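When you get a sec, could you build the whole thing from the sequences and use the hints?
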Amino acid sequence: MIPATLTKSLVEICGRGGVIVDEERLLVYESDALTAYRHRPGAVVLPRTTAEVQGAVTAIARHGLPIVPRGAGTGLSGGAVALDRAVVIGTARMNRILEIDAANHRAVLQPGVINAELSAAARPHGLYYAPDPSSQTACTIGGNVAENSGGPHCLKYGVTSRYVTGLTVVLPDGSVAKLGGQGRDAPGYDLVGLFVGSEGCFGIATEIEVGLLPLPEGVRTLLGIFDRIEDAGRAVSDIVSAGLLPAAMEIIDGPTIRAVEDSVFAAGYPTDAEAALVIEFDGVEAGLDEEAARAAGFCRRAGAREVRSARDEHERMALWKGRKKAFGAMGRIAPDLLVQDATVPRTTLPSILKGISEIGKRYDLVVANVFHAGDGNLHPNILFDRRDEDELERVERASKEIMQLCVDAGGTITGEHGVGLDKKHHMPLIYGSAELGAMWGVRRVFDPAGVMNPGKVLPEETAPEWTANGEEQGAAEPVAAAVAAP
Amino acid sequence: MPVNGGQGTLARAIEEQEERLLNCVHCGFCLPACPTYRRLGDEADSPRGRLYLMQAVVEGRLDAGSDAFQTHIGRCLGCRACEPVCPSGVEYGHLLELARHLGGSARRPALLARLLLRVFGTGWLARPAMLAGRVLRATGLPALATRLLSGRHRSGERRDRQGRGEEPGRIARAATGAGLGLAMLAASSPARELFHKRLAARPARREHRAVGHGKDATGASAAGRGNGATGASAPGPAAAGLSTVAPPDPPTVALLTGCVQAGLFARVNEATARVLTANGYRVVPAAAQGCCGALHAHGGDLEAARDMARRNIGAFEGANPDFLAMNASGCGAAMAAYGSLLADDRLMGDRARQLAERVRDVSQLLADRGPVKGAPLPLRVTYDAPCHLLHAQGVADPPARVLESVPGLEVVPLDGAAECCGGAGIYGLTHPGLGGWIGSDKVRSVLATGADALVTGNPGCMMQIGAGLALAGSRIPVVHLVELVDESYRRAGLYGPQASRGNMPAGIRAATQPGRSA
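Protein chains in written order, with the numbering used here: chain H, 1 to 486; chain W, 487 to 1004.
Worth flagging that the hints you see were computed from the coordinates, not collected in a lab.
It should be emphasised that the depicted structure is a prediction, and the values quoted were computed from it without experimental measurement.
It cannot be assumed that every hint is accurate.
Selected chain H positions facing chain W (in silico; Cβ < 10 Å) [stated by the list, open to error]:
1. V240
2. S263
3. K325
4. R332
Glycine residues also receive a C-beta, built at the ideal position from the N, C-alpha and C atoms.
Rendered as structure tokens:
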């Protein structure tokens, strides 16, 4: 419960409907899409403008309370979970597209705009917004900025940081800063680059300027069906080695295929297959057919049972729908799932996939894989039921082993979901004290008081001693890695 | 905290649904589909948030009588737009009914809601109430009141409050509710101006010039028949004409005449029977039918809904039609769900399921038959999909195909056609602030189309959008899909020389009479 004086100030700023302090109503903000972590916030504030965010942050900062920014709560690393009864600043009401500047291929929008709706608004101008996380029909651009989100098509087009050109941000002390803007190469340090992917630890982006791309002239989508997932992995590796650059290459494994085919998003994948590989080429029409034919050849040589191509836009959308809704469709197999997000060198895909399958068998767990194969960005989904405590324990151990396997192969602990709460303790697997120290240093430049999304991204025990304004701040209280099982 | 002694039992009932709740993996894909979340921005007003509250009740962390549960479960429109976008297939609509049942046992629902449900569900109360409504409507007072209110309605103060998502105080709410009620009653009137004046003023395309206009198609019936035959894939107009013998062994349909539909939209029921007959169906009466129970189920009064379902099962089994024709999608969705509503009823469960399988929206029945083409209607219309047709029953294409089949009709897309209009049963009356906000967004989209008329398929939506348009000072009429088809057929002379509006064979009249039991 936050102090009554703070509630009063927040209501003055955001209106009665924009401030939630009732303990029972706060229940629904306990977790994001990774339900293993549950922490009830102290309050939720829903501002509409930069000025309202500024007012809210200033008021909260005056009371010394921590702040957690939250978009649509579709994140998969616990990043939007409020530790220590922090006050959540939600961007759901900041959902206006402020400008589409078609001639200059740019748009300015509020952070609560939904990713897919930006592309829909740009389409009449012949443009679209390239980063397409699988949750794009629900996730917000603000969340994408915080997590530096990718998506299937980032294989060719790159992730969010490549498209954000300017930001208006409210810093943790309540000041407003304009970073970058109106061009790709602002003089001085690249603060936009620093802010994108900062996981809500540097401030809250309240206006976002992004670059848009012209819609591709043509698209070819292929589907390779494999009896062994390693073969699909080999096809991916071979296609890229041969110099082809598909817009996307996605692998959907057997258990996932069966979940998707059972859902309303059934894409027509054969349910007895062990892997489906979706390959897409886009760009100017000329040459697309030849590229698609070459990729189909690599699939067949790697052992594909069958290679189909989408005959029309309807079939293409169906193929993608099955892929993009796969995560949600897992609910049909088990009540809970832990989505992993690791990146490995593409060439190691066949052996890593085999290794993951062995770990799953050893711990008697169903591991379903659906991932951005072209980037080597794996998403092993461990399925479980949190009411089974023994199983929960095995999930924890298997998850760690999978992570270690990926790191040992030269990979990293997250591809696109962010570190958040979930991966924080894996950070020392890939960084030493020099790197982590530098990260803490940057974080403290933006947030000297340590109030923005505390307890996320960087493990507290790695924090160097810190003094600001001559006052000993020290490392924040270590926060228990609460894997909450009720 | 007001806790009813029966809550333990009910909590167990919802607990049995836990497997369904657990299907929710909290992915959040439903959030943008939810009209209340989109406007209020509070996750407790999203499907995922509401499921989380239900789960909290099951886990014993939240009381069903709590303000949080009552407010947010109560604020759900029940539009079920979240279901088609749910990858996990959570049966939200079903869970909502259970949650309302639980919430209603923990705390008595509002007086207005109880009163309205009581009236709709009780034949001897519903008929005089509907009669009073018709009498009041005929005086023209509701229409006058709507015109007077239309200026005030647009005041900035109201918009500002809506911007904050707050409901007005009790007295203001009652006043808004009363105003909306009158406007809805006025909006249930037939679109006379559209069909008589506007259409009459617009000559049909050249090849159809012979087709008669105005009230009486008699003079042009012969020419109309000839034109009507063009492009018809199903039984031709000669076979479909009411005076003609139907094809051998035509499929039979019984019409759910409904409570509001029979009371205020009898013309839609009659039009439904005529257009179905013209498309080769034999319309048979199901005399002892009553209210479908949809409003009761949505409101959480599952016992009342089950009683109504049992009575209707008996009534329709008696008529034993091949299909049950629905022209109110809210009723259609409810009857299509009789199987799950009575799943635990050992005596009626199987019968409920079998009957539910025969439920069809009138647009489906028509689309299955082509449908038969009528005379041109040179109008620009736009279509708003009723939630309980599109989301709850997944009927998307048939209404579009029926509209396409009407010659001369220009159908312009409606922005946000898949989103709820805010009518949602009695929602507009129980939540005038939020319902009005959602409704005014719909009105804005309709006005932007420049259409001559809005077409939809549910009486609640017709009244809500019609009231919204009238209160916004617009004269765009709202018509039921079958009214358009019927007008097209009438102008084509498909009903024979004698048939004109309100003049129909006894068989049709019997099939469209409201049920006599209560």
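For each hint, the structure was consulted:
| no. | hint | verdict |
| --- | --- | --- |
| 1 | V240 | 29 Å, violated |
| 2 | S263 | 6 Å, holds |
| 3 | K325 | 4 Å, holds |
| 4 | R332 | 6 Å, holds |
Hint 1 from the earlier list is the only one contradicted by this structure; the remaining hints agree with it.
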